[in-house]
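Each of the two chains sits in its own frame; use the hints to bring them together as a complex.
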Amino acid sequence: MRALISIALFAALYEATARSGWFAPALVPTLPLVGARLYDMLADGSMAGHALSTLYRVFAGLALAAITGLVLGFLVARYRALERFLMPLVSALMPIPSLAWAPVFILWFGLGNVATILIVFYAACFPMLLNTWTGARAVNPLWLRAAGAMGAGGPALFWKVVVPGASPFIITGLRLAFQRAWIAVVGAEMLAASAFGLGWVIFDAKEFLNTDIMLSSLVVIGAIGLVFERLVFGTLEKTTVARWGMVRAAKA
Amino acid sequence: MGSRLLGAAAPFLVVGALWELVAHAGAFPPRLFPTVEQVAATFIRLTASGILPHHAAETLLRLAVAFGIAALAGALIGIAMGRSRRVEGLLLPLVSIGAPVPGLAYAPLFLLWFGLGDAGSIVLVAFVSLFPVILNSWTGVKAVKEIWIRAAQTMGADERRLFRHVILPGALPYVLTGWRLGLAQAWRILVAVEMLAAVQWGLGWLIFGSREFLNTDVMLAGIAAIGAIGLALEKLVFQPLERYTVVRWGMIAS
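Protein chains in written order, with my numbering: chain A, 1 to 252; chain B, 1001 to 1254.
Okay, chain B solo, but in the shape it has when bound (with noise of 0.2 Å):
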């Protein structure tokens, strides 16, 4: 037990000790290139004085909420055009226009026409993330099987149970997959969306804030944070939510 926890340790030791010594070498200056320690300091102190926790606290709420509006509304333009000819010959050339663009190029034109700040910066990343989860939640529509829809209709299922106990839990592994993928495209982007919209808390802003100040060692701090966030959002929510549709998939297949 003691040695595979040290042999997990061991890369991060490694490169840690090599940190130590470029930083101790002198070679840069040690503003902009601190220890470990410092860093670590740093970390220690912003959490005890809740100054990093109000940025997390900040940047997560904003994540929450974008990422809510582009899941529900996601959901429902996708399932809409896979359910309407007249919906999906409508929206689903304008879809595939706007996914491919990348979505920090939407960013000024967003917060000129949405104002600085949260308004701005959750608009554009709840529209960011809408497009995997419309294209996603329309292929699922489109995937279940016809035959049955047909025996369920042969069973005498009406519309609304029809769509209520074959489309959705039909569609629902793909509509996953969409979540999925455009909460981990909202991460991406909303770091640097908080760096571009001057929002007053938020770990992107206190990250580009302390460029101002040279404290290498607060974005360094706010970084191992925005890692923190990212591998807890990896463990807790994408691999459970993979490991759910696969097992889905495989319902499905048999």
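For reference, chain A alone in the conformation it holds in the complex (with noise of 0.2 Å):
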């Protein structure tokens, strides 16, 4: 209720902001007008298109980012001699933020999605990497020593142990690499995608003054992040690592 307060006091400083007449119309357009494109665009479909390209990418990218950083993440945590080699490399590269190498990537794929995919792997690479590693190490050793001495080998000991151990962190990494990624990709399709895109769109509307379709994107952009954070890693958060009695131990 008092959320609601303050938001409609926001929303009247802006619109009288608007109708004042002290700033262009083109640059801040009145509510209703945003309200009126943002209903255009979901109905006519092109808003739906350019949130599902944009999903796309930071799924793709994310998913690929999650399982390059489980499967290093998991291996340097075993081996020491990786460990060395690889670390150094990664907080080297780390410090670099991803959409430095944007137009390096422009260079050498081209615009389009295969470049905007590849700045979103190397945002969300390094958190997942990380964290797994973190995590594999932070397993309690008395439970390794437990399972051994009560028979388990080594995928029994990985997959019952160390895994359920370490998911707390891999999930916290995987919610950093969401948003992470989720920064990236609008960035990314700013700079290096063609024609599609809730970023591109952004990007594009600046050319023509449409603020207001500026601001309907991102209220998109903001709707679908919110619901990610939320919903989808809120859930996830429940069923797994909750539910194993995994936060406690981890906290612990």
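Calculated from the structure, these hints are not laboratory results. Some hints could be false.
With a cut-off of at most 25 Å between alpha-carbon atoms, the simulated DMTMM-like pairs for lysine to aspartate or glutamate come out as follows [to be verified]:
no.: 1; chain 1: B; residue 1: Lys1142; chain 2: B; residue 2: Glu1242
no.: 2; chain 1: B; residue 1: Lys1145; chain 2: B; residue 2: Glu1212
no.: 3; chain 1: B; residue 1: Lys1142; chain 2: A; residue 2: Glu83
no.: 4; chain 1: A; residue 1: Lys206; chain 2: B; residue 2: Asp1118
no.: 5; chain 1: B; residue 1: Lys1235; chain 2: A; residue 2: Glu83
no.: 6; chain 1: B; residue 1: Lys1235; chain 2: B; residue 2: Glu1058
no.: 7; chain 1: B; residue 1: Lys1142; chain 2: B; residue 2: Glu1159
no.: 8; chain 1: A; residue 1: Lys206; chain 2: B; residue 2: Glu1020
Which chain B residues stay away from chain A? Per the calculated CB distances, all over 10 Å, these [as the list claims (entries may be wrong)]:
no.: 9; residue: Val1015
no.: 10; residue: Ile1069
no.: 11; residue: Ala1143
no.: 12; residue: Val1166
no.: 13; residue: Trp1187
no.: 14; residue: Arg1211
no.: 15; residue: Thr1216
Glycine included, each C-beta is placed from N, C-alpha and C at the ideal position.
Next up, the structure:
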């Protein structure tokens, strides 16, 4: 209720600014205009098309990053030689923002999906790898010895002890990776996408001063981000880690 | 000592050698895939002529100004939200709506409103790194133990002293965490913002502008400079801040 009041206040303030005539109406469109534009784009399906191509890019990049991060993370945690080889490279590459690679990827792979997906991959890979690595090392050694004493061999030890034990960290890593990927995909679409995607719509609308289109796409981007953050990852956490009783164990 | 240094350098030597092999094999056009020595020569040439340092200095200045604004404003807003129910009720819904939107999505809008170049890019980066600072400062004030406040009040502390000696030190670790996150956030998008905002100087622009002339060596030299700055931020700012924060957290737990 109180949240609604403050949002209404903010909207009224914006509306007053838009109608005051201090700023060009093309730059500060009124809320009914933005609403009408959003409705039009939703109704004719163009918004859904852009949203789908953005989602395709973000999940292609995220899936690649998750697989790479998981496999490398577990391997690095298991083999010290690999850790000594890979981790210096990771700590050198990690501080480079993924979008700095955008021009290079554009030159190498052209404008379009490949460059965008690679940028997303670069952004999402590191949190996944680091969290898997930390999670696998944080598994209580007592559990490993207990399972070993009860006769668990290599594969059983890995699937029944290490993976569930590391899962809270992995889920956190996935969540972080999604946040990074979501930022990266919007930026990458502005710089490297050719004709589709929510980021591209916003960027393209700037050329024609279509501020109403920009604000409509912003609303959709915010809504999608919120849905995944709250519903998807919240539910994932509840159905896996919390149910396995791993959260408390990891915190203790 | 020597062997340890070699051990640390080994991964980079291996990757460098692989890169050389691919570059010399001629599978890709040399303009798009320059050799390591070409990139190094470009890096040295650009550094000696002062071009690369100029770009880097502008980028760092922008980062410092934008983050400075965000650090100060974010801490003030966050603490005000933590202290006053009314401010919290007013601002929290807006902050929770704005925070999850990826910062770069605002970029074209801010560039229209505040203009291309410095003003637009600094306002945007400051706005984006504001959110983690606000949220953490707010959490920090909320996390100050009720019993400390009551104890201080019993001992006769007035509002000002309560704030200065109890609430501020109690919230400080969280504020520091917020600053760390905010600075990292600012760094991650600044380079992209420079590409979009058509600034005259700046590492992002250096890289993006070289695309027009297929100067892949300049791009990679620019990325190397970005990596070096990022690493320096990590080692000189984030890690000391984290260590300091952890120490403070330890004190709080005891």
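How the hints compare with the structure:
Restraint check for lysine 1142 (chain B) and glutamate 1242 (chain B): the C-alpha separation of about 21 Å stays at or below 25 Å, so the hint holds. A threshold of 25 Å between alpha carbons decides the hint, and for lysine 1145 (chain B) with glutamate 1212 (chain B) the separation of about 57 Å lies outside it, so the pair is violated. For the given pair, lysine 1142 (chain B) sits about 40 Å from glutamate 83 (chain A) by alpha-carbon distance, which is inconsistent with the 25 Å threshold. Pair hint lysine 206 (chain A) plus aspartate 1118 (chain B) holds up; C-alpha atoms about 18 Å apart against a cutoff of 25 Å.
With a CA separation close to 20 Å, the supplied pair lysine 1235 (chain B) and glutamate 83 (chain A) stays within the 25 Å bound. Proximity of lysine 1235 (chain B) to glutamate 1058 (chain B) is assessed by CA-CA distance (about 21 Å); at most 25 Å being required, the pair is judged to hold. Taking the CA atoms of lysine 1142 (chain B) and glutamate 1159 (chain B), the gap is near 16 Å; set against the 25 Å cutoff, the hint holds. Restraint check: the Cα-Cα separation between lysine 206 (chain A) and glutamate 1020 (chain B) comes to about 42 Å, which exceeds 25 Å; the hinted pair is violated.
Once the 10 Å rule is applied to beta carbons, valine 1015 (chain B) is inconsistent with being away from chain A; the minimum gap is 7 Å. Listed as outside the interface, isoleucine 1069 (chain B) is consistent with that label: its C-beta sits roughly 20 Å from the nearest C-beta of chain A, beyond the 10 Å cut-off. Distance to chain A confirms alanine 1143 (chain B) as a non-interface residue, since its nearest Cβ pair spans about 16 Å, more than 10 Å. The beta carbon of valine 1166 (chain B) is kept farther than 10 Å from every beta carbon of chain A, the shortest such distance being approximately 27 Å.
Non-interface status of tryptophan 1187 (chain B) relative to chain A is broken: a Cβ of that chain comes within 10 Å, the nearest being about 7 Å off. Distance check for arginine 1211 (chain B) against chain A: the nearest CB is about 4 Å away, which does not clear 10 Å, and the non-interface claim fails. For threonine 1216 (chain B), the requirement that its beta carbon stay farther than 10 Å from each beta carbon of chain A is not met, with the minimum near 6 Å.
Figure legend: structure checked against the earlier numbered hints; hints not met, in rising order: 2, 3, 8, 9, 13, 14, 15.
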